[in-house]
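Below, each chain spelled out in residue letters.
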Amino acid sequence: MTPLLTDLPAGHVFEPIRFSIDAAKSSAYRAATADGLSIYDEEGAVPPLAVAALALGALLERVGLPPGTLHASESLQAEAAVPVGATLECRARLTQRSQRAGWTVSVLDSEIVLDGRAAVKARATVLSPAS
Amino acid sequence: MNAPEVAPLSRTLTQEMLNAYAAASGDRNPIHIDEAFAKTTPMGGTIAHGMLVLSFIAQMMTAAFGPRWLASGSLDVRFRAPARPGDTVTARATPLEPREGRHRYAVECVSQAGEVLISGTAEVPQGAEA
Chain H
1 MTPLLTDLPA
11 GHVFEPIRFS
21 IDAAKSSAYR
31 AATADGLSIY
41 DEEGAVPPLA
51 VAALALGALL
61 ERVGLPPGTL
71 HASESLQAEA
81 AVPVGATLEC
91 RARLTQRSQR
101 AGWTVSVLDS
111 EIVLDGRAAV
121 KARATVLSPA
131 S
Chain Z
1 MNAPEVAPLS
11 RTLTQEMLNA
21 YAAASGDRNP
31 IHIDEAFAKT
41 TPMGGTIAHG
51 MLVLSFIAQM
61 MTAAFGPRWL
71 ASGSLDVRFR
81 APARPGDTVT
91 ARATPLEPRE
101 GRHRYAVECV
111 SQAGEVLISG
121 TAEVPQGAEA
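Going down the list, the protein sequences come from chains H and Z. For the first sequence, our numbering assigns the number 1 to the initial residue and increments by one for each residue that follows. For the second sequence, our numbering assigns the number 1 to the initial residue and increments by one for each residue that follows.
To be clear, the hints were calculated from the coordinates, so they are not data collected in a lab. Values in this document were obtained by computation on a predicted structure and should not be read as measured data. One should not assume that every hint holds.
Per label pair, the in silico range of CB-to-CB distance [to be verified]:
#: 1; chain 1: Z; residue 1: 63; chain 2: H; residue 2: 61; range: 15 to 25 Å
#: 2; chain 1: Z; residue 1: 98; chain 2: H; residue 2: 102; range: 39 to 49 Å
#: 3; chain 1: Z; residue 1: 106; chain 2: H; residue 2: 99; range: 25 to 35 Å
#: 4; chain 1: Z; residue 1: 97; chain 2: H; residue 2: 131; range: 43 to 53 Å
#: 5; chain 1: H; residue 1: 42; chain 2: Z; residue 2: 7; range: 15 to 25 Å
#: 6; chain 1: Z; residue 1: 100; chain 2: H; residue 2: 2; range: 21 to 31 Å
#: 7; chain 1: Z; residue 1: 36; chain 2: H; residue 2: 64; range: 16 to 26 Å
#: 8; chain 1: H; residue 1: 31; chain 2: Z; residue 2: 45; range: 32 to 42 Å
Under 10 Å between C-beta atoms, here's a sample of chain H residues computed to sit facing chain Z [as the list claims (entries may be wrong)]:
#: 9; residue: 58
#: 10; residue: 67
#: 11; residue: 72
Glycine included, every Cβ here is placed at the ideal spot set by N, Cα and C.
Given these sequences and hints, build the entire structure.
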């Protein structure tokens, strides 16, 4: 059974998730975001935000979000270009947990690693209705 | 050194975009794709994934800085208000003082009504233009 994010304690470390971004996945992301820039094909690279988004999607296969959960903020740092076809590993941790004005606040830090080095670092803050 | 101007970018959201984004990203929260469910929520209808709307800022920065953005760009934003199918979202960037060899911008996404949907900062290393 998939646990809810709000059931996990602060400091929880998720099992590393391996995922790949092939040309089809990259194209699907670019089409969905109406991103017609040619630079990705010229560089053979994936949009950094796609890397973070697909890592988040992979994480959501491991943990559920309570109904009404909102994405409050996002920080992202690209450390290296991610080539199309790359296999990545998402190392995620529930860094902070707090309660505020009827909301449970969860902060997720992720390092998305390519060939042993962080390619993208991301921090997502989500608000879930306090039960 | 002044940061170069960054051209704004506008996109009109559709439910089809939200559906496609859910499929592409794996974020299938029903608030984005299930119109019947979304009508029962305080939102009153589907809303766009925040990361979809944020992608317009990333596209704007990619168009301006190309490989530098792909390898070394950064974003730090708050999601201020939901965007809905039918909304036309404009991403724009205002130069700030550079810091530690990086161009800095105040970035935001606004709706056609002028509502700020996302606000924050974006940074990219200074290059030959600096």
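Hint check results:
1. With their beta carbons about 32 Å apart, residue 63(Z) and residue 61(H) fall outside the hinted range of 15 to 25 Å.
2. Under the hint 39 to 49 Å, the C-beta atoms of residue 98(Z) and residue 102(H), about 40 Å apart, fit the expected range.
3. A hinted range of 25 to 35 Å holds for the C-beta pair residue 106(Z) and residue 99(H), which are about 31 Å apart.
4. The given range of 43 to 53 Å is respected by residue 97(Z) and residue 131(H), whose C-beta atoms sit roughly 44 Å from each other.
5. Between residue 42(H) and residue 7(Z) the beta carbons are some 19 Å apart, a value that agrees with the proposed interval 15 to 25 Å.
6. Taking the beta carbon of each, residue 100(Z) and residue 2(H) are about 41 Å apart, not inside 21 to 31 Å as hinted.
7. Evaluation of the 16 to 26 Å hint for residue 36(Z) and residue 64(H) yields a pass: the beta carbon distance comes to about 20 Å.
8. Between residue 31(H) and residue 45(Z) the beta carbon distance is about 24 Å. The supplied range of 32 to 42 Å is therefore violated.
9. Annotation: interface hint on residue 58(H) holds; nearest CB of chain Z at approximately 6 Å, less than 10 Å.
10. Interface restraint check for residue 67(H): the shortest CB-CB distance to chain Z comes to about 8 Å, inside 10 Å, so the restraint holds.
11. Because the smallest distance between the Cβ of residue 72(H) and any Cβ of chain Z comes to about 6 Å, under 10 Å, the interface hint for this residue holds.
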